[in-house]
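Take the sequences, apply the hints, and build the full model.
There are 2 protein chains.
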Amino acid sequence: MINFSAVAVVTIDGKIAKNKNHHTNWSSRADKIFLKTQIEKSDVIVVGHNTYNVAKKNLPNHIFLKRKYIVLTSRPKKNVFGHNVLWCDPEKVDLLALVKKYNYKKICVLGGTKTYTTLMKQNLINELFLTIEPIIFGSGLNLFDGENFSAKFRLRSIKKLNSLGTILLHYLKLN
Amino acid sequence: MINFSAVAVVTIDGKIAKNKNHHTNWSSRADKIFLKTQIEKSDVIVVGHNTYNVAKKNLPNHIFLKRKYIVLTSRPKKNVFGHNVLWCDPEKVDLLALVKKYNYKKICVLGGTKTYTTLMKQNLINELFLTIEPIIFGSGLNLFDGENFSAKFRLRSIKKLNSLGTILLHYLKLN
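Chains A and B, in that order, give the protein sequences. Read in order, the letters of the first sequence correspond to residues 4 to 178 in this note's numbering. Read in order, the letters of the second sequence correspond to residues 4 to 178 in this note's numbering.
A couple of the hints might just be wrong.
Since the list can't tell identical chains apart, any single copy or any two copies may satisfy a pair.
[Stated by the list, open to error] Distance condition first, Cα-Cα at most 25 Å in a straight line; then the derived BS3-like pairs of lysine-lysine:
1. LYS95 <-> LYS109
2. LYS80 <-> LYS155
3. LYS162 <-> LYS60
4. LYS176 <-> LYS163
5. LYS104 <-> LYS60
6. LYS103 <-> LYS23
7. LYS104 <-> LYS71
8. LYS117 <-> LYS21
9. LYS163 <-> LYS71
10. LYS103 <-> LYS69
11. LYS155 <-> LYS23
12. LYS162 <-> LYS80
13. LYS162 <-> LYS176
14. LYS162 <-> LYS69
15. LYS109 <-> LYS124
16. LYS23 <-> LYS117
17. LYS104 <-> LYS162
18. LYS109 <-> LYS39
19. LYS39 <-> LYS59
20. LYS124 <-> LYS23
21. LYS35 <-> LYS176
By construction, these hints were calculated from the structure, which means they are not laboratory data. These numbers were taken from a predicted model, which means no experiment stands behind them.
Written out as structure tokens, the structure is:
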């Protein structure tokens, strides 16, 4: 059973970042701990090219390099990091076939906007872990950005992560 | 003590509507009941011109007409509905002074995007009741849309409104 799990942290107004270079260092310590456990449970991380670059720039090498990535891009590169990175154009490659080929079962989708949207539109996302931080950015990058799609979910659980009111919502996608 | 309470219903991806003509008939019955109680507790409703028009078109007359409104617009009209509606350009009129003048204590701010943003930027909002429906629109109108502002909140309570997982979050604005 292959499971695509989207994990995201948003503000009250639904922003995942202030702009495309904004690393998610604005999230709470409690969310960072949760994210780390989700990543450690996963076989592979799916991210967009920009999110990959921002993570590469901001994460310590010993953490960044031990993880496996599928990086979505319209201009796939050769695999310069050995077995760590698969570059993939989701318009041309069947992502489900790709994860099957590599025997990846637990897929952690970490964004950004275009990656969440592409996988949601391809009906690949099975569940969503959404952390909401008690702040507002006013403007910024949305969780999704695509016309002509919608989806329904069922809330499986709510968890309060800290005293200020960071919450973690776990949604299951309905078919 | 004057209290500005913003009340909004959003999708998982933080949208308040699919477009500017989209009435909030997409929200759950549980949210509609909550909204009604919030409105009934209030002295006056603050809405933008477009939200006012959409509500006027979609609500039954006996409900629409018994409520008091302050309608924010850059082109204020005369008060064609007698005492029910005050038209106000928030760039020119001090909204706090206006509600004091009319002795309004409990102000219910119902949107849309521009109204929530204007009042948040003017630091008038004291609390936010945010209902999250377990659906995604993919695109649409955001809760806020403004550069150069941010705000912090404390979560006061979480309430699950129905079995599918509509939740109601109550946030208090931090200074």
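Each hint, compared with the structure:
For a Cα distance limit of 25 Å, the shortest separation of LYS95 from LYS109 inside one copy, 22 Å, qualifies, whereas the shortest one across copies, 56 Å, does not. Taking the closest pair of Cα atoms, LYS80 and LYS155 never come within 25 Å of each other, the shortest separation being 35 Å inside a single copy and 41 Å across copies. In this homomeric assembly, LYS162 and LYS60 never come within 25 Å of each other (Cα to Cα): the closest approach is 31 Å inside a single copy and 39 Å across copies. Taking identical chains as interchangeable, the C-alpha atoms of LYS176 and LYS163 lie at most 25 Å apart whether they share a chain (21 Å) or sit on different chains (18 Å).
For the identical chains of this complex, LYS104 and LYS60 are neighbours neither inside a copy (29 Å) nor across copies (55 Å), given an alpha-carbon limit of 25 Å. With identical chains, the CA atoms of LYS103 and LYS23 are never at most 25 Å apart, being 31 Å at best within one copy and 43 Å at best between copies. Only within a single protomer do LYS104 and LYS71 lie at most 25 Å apart by alpha-carbon distance; the minimum there is 15 Å, versus 63 Å between protomers. Taking the closest pair of Cα atoms, LYS117 and LYS21 come within 25 Å of each other both inside a single copy (15 Å) and across two copies (19 Å).
Neither within a single protomer nor between protomers do LYS163 and LYS71 lie at most 25 Å apart by alpha-carbon distance, with minima of 30 Å and 37 Å respectively. Taking the shortest Cα distances, LYS103 and LYS69 sit within 25 Å of each other inside one copy (21 Å), while across copies they are farther apart (61 Å). In this assembly of identical chains, LYS155 and LYS23 lie within 25 Å of each other by CA distance solely across copies; the values are 22 Å between and 27 Å within a copy. Proximity of LYS162 to LYS80 under the C-alpha cut-off of 25 Å is found in neither arrangement, the shortest distances being 40 Å within a copy and 47 Å between copies.
Taking CA atoms no more than 25 Å apart as the test, LYS162 paired with LYS176 passes in both settings, with 18 Å inside one copy and 21 Å between copies. Taking the shortest Cα distances, LYS162 and LYS69 never come within 25 Å of each other, neither inside one copy (29 Å) nor across copies (40 Å). For the identical chains of this complex, LYS109 and LYS124 are intra-copy neighbours only, at 19 Å inside a copy versus 42 Å across copies, given an alpha-carbon limit of 25 Å. Within a single copy, LYS23 and LYS117 get their C-alpha atoms as close as 11 Å, and across copies as close as 24 Å, so both meet the 25 Å cut-off.
Taking the shortest alpha-carbon separations for LYS104 and LYS162, neither the intra-copy value of 35 Å nor the inter-copy value of 43 Å comes in at or below 25 Å. Proximity of LYS109 and LYS39 under a CA criterion of 25 Å is satisfied intra-copy only: 14 Å inside one chain copy versus 43 Å between copies. Within a single copy, LYS39 and LYS59 get their C-alpha atoms as close as 16 Å, which meets the 25 Å cut-off; across copies the closest is 49 Å, which misses it. Taking identical chains as interchangeable, the C-alpha atoms of LYS124 and LYS23 lie at most 25 Å apart whether they share a chain (21 Å) or sit on different chains (24 Å).
Taking CA atoms no more than 25 Å apart as the test, LYS35 paired with LYS176 passes in both settings, with 24 Å inside one copy and 24 Å between copies.
Of the numbered hints listed earlier, those contradicted by the structure are 2, 3, 5, 6, 9, 12, 14 and 17.
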